[in-house]
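**Q** Sequence order for the protein chains is A and B.
Each residue of the first sequence is one higher than the one before, counting from 1 in the UniProt record's numbering.
Each residue of the second sequence is one higher than the one before, counting from 1 in the UniProt record's numbering.
To be clear, the hints were calculated from the coordinates, so they are not data collected in a lab.
In this text the structure is predicted, and so the values were computed from the model without any measurement.
Incorrect hints may appear among the rest.
[To be verified] Listed next, the in silico DMTMM-like pairs over lysine to aspartate or glutamate satisfying Cα-Cα at most 25 Å (straight line):
| hint | chain 1 | residue 1 | chain 2 | residue 2 |
| --- | --- | --- | --- | --- |
| 1 | B | Lys189 | B | Glu178 |
| 2 | B | Lys130 | A | Asp42 |
| 3 | B | Lys195 | A | Glu130 |
Here is what each chain is made of, one letter per residue.
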Amino acid sequence: MNNEQLHIDTAATEQKIWSILSTVVDPEVPVLTVIDLGIVRDVKIHDDHLEVIITPTYTGCPAMDMIAMNIKLALAEQGYKQVKVVSVLSPAWTTDWMTETGKEKLKQYGIAPPNPKQQVCSDQLFASNEAVQCPHCNSYHTHRISEFGSTACKALYQCDDCKEPFDYFKCH
Amino acid sequence: MDNSLIDYTLHLADTTLILSQRNSEWCGHGPILEQDIAITNISLDLLGQSRNFYQYAALLLNDGSTEDSLAYLRTEREFKNLLLAEQQNGDWGQTILRQYFFSQFQLLLFQQLQQSSDEQLAAIATKASKETTYHVRWSSEWVIRLGDGTNESQQRMLHAIDELWRYTGELFEAAEYETAMGIDLAAIKQTWTEKVTAVFDEAKLPVPQNVFMQTGGKQGVHTEQLGYILTELQYLQRTYPGAKW
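So that you can see chain A by itself, here it is in the shape it has in the complex (with noise of 0.2 Å):
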């Protein structure tokens, strides 16, 4: 094979790989994918293995040895039995990498998009006038019920207009 070829290859293959990627979900937010989370980095395609690059959403999200265990099932059933999924830390992930995709699929799964990180990412005291929108009737008279939701990327809202309490993915 000549150098051209391998370098279609090679190519072809990184696609495949992003494709099979773009399957494989969150197991908490089941609506998303790694891809629409931001948090594959890179893909390495290397002679005898291949290397996928992430990046955890939170520090302690118990969810993240899961997705690894995922990316790596997803690959082999494609054939692609010798993977290595490789976490770093930097740059840190931020909810800005969520596609805007994902921020639609979020809201028609009933669960509020994160903000633009500049707005409200401060520890200001009683920063919490955020205007959050209602993902059921888009109202934004909401008001916040807790800081901390049931995952940790998540607070706990509810709508003034609708009264449903909803999910904020929170700007990290």
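Once you have looked at the hints, place chain B on chain A.
**A** Below, chain B without anything else, positioned relative to chain A:
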């Protein structure tokens, strides 16, 4: 091998592990469901930080240690955690105040560590300071809510200050490995004191003056509390060595 870096990383790992373990005791016992979830979320964040530090320490040690062996098989005198982290939960006010003192300190420390010449510590600090920001916000709001709340809640906060203030001096008393790592605790102390004073003012709580400070945790000399925590934390691996699931 640079022992200061290993010792410092273990100090960070131990402190976050022990405080995580303490906070996790609230699981299922919080005053209301949302706050039970909040304190256990914080516990989980701290455990995640702790794992990162232990994994890094194991890598540096390169002697077969793992994150698990470092957490489960070291003795009390080997733990370098802050005394503040191991103190009992007490009532909700005491837990809140311990968290606030610590998170306010940790945020300032992590902001400084982000500039560290050690890339891995800088990466962990950058990542974790995002979560710590939420911890500071949540715990300081609670300090104000309780301090400036009812007579009962204020009394309990005053009691919590009595119990915990004496462990805050240690935060800023540099161990040799911290000095070697170039951590500027004096700068952190100044900002921490300003921030705490502002929150206490708003909470109508007095900032104690001239209190005798209990220290020793950074060198492995602990209060009686740590032994009890390790007994529970390490029970499984001590009783069934190497158990896996």
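**Q** Now tell me if each hint is right for this structure.
**A** Comparing the hints with the structure gives:
1. Using a Cα cut-off of 25 Å, the hinted pair B:Lys189 and B:Glu178 holds, with the two alpha carbons roughly 14 Å apart.
2. Simply put, B:Lys130 and A:Asp42 have alpha-carbon atoms about 23 Å apart, close enough for the 25 Å limit, and the pair holds.
3. Proposed proximity of B:Lys195 and A:Glu130 is supported: the alpha carbons are some 23 Å apart, at most 25 Å.
Figure legend: structure checked against the earlier numbered hints; every hint is met.
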